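Participant: Residue numbers (the working numbering), protein chains in the order written: chain A, 3 to 300; chain B, 3 to 300.
To be clear, the hints were calculated from the coordinates, so they are not data collected in a lab. All values derive from a computational prediction rather than experimental measurement. One should not assume that every hint holds.
No distinction is drawn between identical chains; accordingly, a pair holds when it is met within one copy or between any pair of copies.
Stated by the list, open to error - Below, a list of computed lysine-lysine pairs in the DSS-like style, where the Cα atoms sit at most 25 Å apart:
no., residue 1, residue 2
1, Lys-85, Lys-209
2, Lys-283, Lys-266
3, Lys-260, Lys-206
4, Lys-208, Lys-279
5, Lys-214, Lys-102
6, Lys-165, Lys-148
7, Lys-110, Lys-284
8, Lys-178, Lys-260
Number of protein chains: 2
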Amino acid sequence: MKNILIIGCGLIGSSLLRSIVVKKIAKKIFVYEKSKSNIIKIKKLKLPCEVISDFKKIIPNVDLIIFCTPLSEYEKIILKINKYLLPKTIITDVGSSKEKSMELIKKKLKKGIFWTSSHPIAGSEVSGPEHGVKNLFHNKWCILIKERNTNEKHLRALSKFWKKIGSRVAIMDSKKHDTVFSMTSHLPHLIAYNLVKTATDFEKQKKYELIKFSAGGLRDFSRIAASNEIMWRDIFFNNQKNISEVIDLFIKNLLSFKKDIQSKNNKSIIKKLINTKKVRKKIIKLKQDINKPDFGRS
Amino acid sequence: MKNILIIGCGLIGSSLLRSIVVKKIAKKIFVYEKSKSNIIKIKKLKLPCEVISDFKKIIPNVDLIIFCTPLSEYEKIILKINKYLLPKTIITDVGSSKEKSMELIKKKLKKGIFWTSSHPIAGSEVSGPEHGVKNLFHNKWCILIKERNTNEKHLRALSKFWKKIGSRVAIMDSKKHDTVFSMTSHLPHLIAYNLVKTATDFEKQKKYELIKFSAGGLRDFSRIAASNEIMWRDIFFNNQKNISEVIDLFIKNLLSFKKDIQSKNNKSIIKKLINTKKVRKKIIKLKQDINKPDFGRS
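In isolation and in its complexed conformation, chain A is listed as follows (with noise of 0.2 Å):
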């Protein structure tokens, strides 16, 4: 590719921005960035790429545009790029939820214009362009979107996009994508943050000091919900639907172990507990985490 534009540079824009120079993927790539205080860190950090403000003299000339922005910028900067979009440009974006945000998409991209949607399983709980590290993405999952009107040709551009920047690549269509990552990462994002909710109003209620204990557990949640607000209200709004159902679907569980916990009911809770040791022992080999017990990160 000659050019690239990444719309948004934070940690997952700069993060691929580091990416695609060291594997050198593109020629030159701009960055389109709204946040004044991120492009005072971008140009500190000498970041090599072009800051632009103005769309209309880059994006003809550009062959992949990636939106890396919270998903409720999407439909404004769409509204202002329309007019310079060509059918050849690929476009795509790095958002965590699909279904509501495809639909967005299509209301509001000039048609004849495509989007081929992706999603690296990749993330921190920091944010901004300071925090990027260029493999990031390495070794991690990118979901790659397909629909009825996908263009096959884009799709495949965007694949080995992914594969050179060192992703494993998955297909599917955003209706599954949701319901997939509602509960493998959604859930588990909304359960952290409401663990810690419940821990201040505890002590508030208790008028005990509980959060310097923290390491026999909240700790490791902690980490998890200090993740950026902004992104995350987007993508609860977004995928609501499928959240909701693992939100009932969870505390139909967690209702069914304090059953078993009030009863003392040992081999029910026995056999959940060793059940849950076989899921990680899973994931291990599936390489999504490694091997190396924790004993607290000190």
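Starting from the known structure of chain A, fit chain B onto it as the hints suggest.
Facilitator: Relative to the frame of chain A, chain B by itself:
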């Protein structure tokens, strides 16, 4: 101290053994371990201790006995050692739940003998003597339980002991202990188990492969949910009342999150998500975790 007896030499017992040796706290360490496979491991690892099978000769000469078994083993062992115990013998345990076990101890322990309970806030998802590490307790909190009938001299000696091991000591009664840790440790573990169970149920229901995409959040919970099932069953059963209370608070908050998501209540959800970030900062300030971002362990 001259002689220390560790009863139960798994992850915690063997880590204590290693710490005691490094810090030169005792002249001799005796180990009582009921699992034959653990005894083989202890010998293979050449852990510097004498494995005993008979308490009679040893206990009268021991200054400190540390129970490192699951809570459900206490009664059996107390009944075995009762007749050899002396009022000067310092007895402690490292159990994660206190009220119920203190009741049991009060009932079963020979009159005139003192038990001063400890709870080092340290552990891992792995079990067994082969996973013990000498610095497991370093800079971690160790809670000492003080009740009306606590032997002050033993309490002071134990406080000194844990400080030598490298821990920070906090003192509270068993009621407060069980309330605090129901929230900071027991609920997080239960939630992790429940999340992994919900994911496997959901996978079966949808007939999707989804565990393979667990790097987006689920993975981190699966680590916690791989902890020892006997230990956690005992904790859940022993601290049943407090755990039931925090489960209810957790569900109440989760339903409020669900309502925010379904009604797209921007103000309410953003407030919640931002507040949890503040807790993260507090946890780092309190040195319960480090500030290094996590990009997944690979």
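Participant: So, for every hint listed, does it hold in this structure?
Facilitator: Hints and how they fare:
1. Lys-85 x Lys-209: neither (59 Å within a copy, 43 Å between copies)
2. Lys-283 x Lys-266: neither (27 Å within a copy, 37 Å between copies)
3. Lys-260 x Lys-206: This pair counts as both: shortest intra-copy Cα distance 24 Å, inter-copy 23 Å.
4. Lys-208 x Lys-279: Only across copies: Lys-208 and Lys-279 sit 21 Å apart there, 33 Å inside one copy, limit 25 Å.
5. Lys-214 x Lys-102: between (40 Å within a copy, 24 Å between copies)
6. Lys-165 x Lys-148: Cα proximity of Lys-165 and Lys-148: one copy only (17 Å, versus 59 Å across).
7. Lys-110 x Lys-284: neither (42 Å within a copy, 43 Å between copies)
8. Lys-178 x Lys-260: between (31 Å within a copy, 21 Å between copies)
Hint compliance for this structure: hints 1, 2, 7 are broken, all remaining hints hold.
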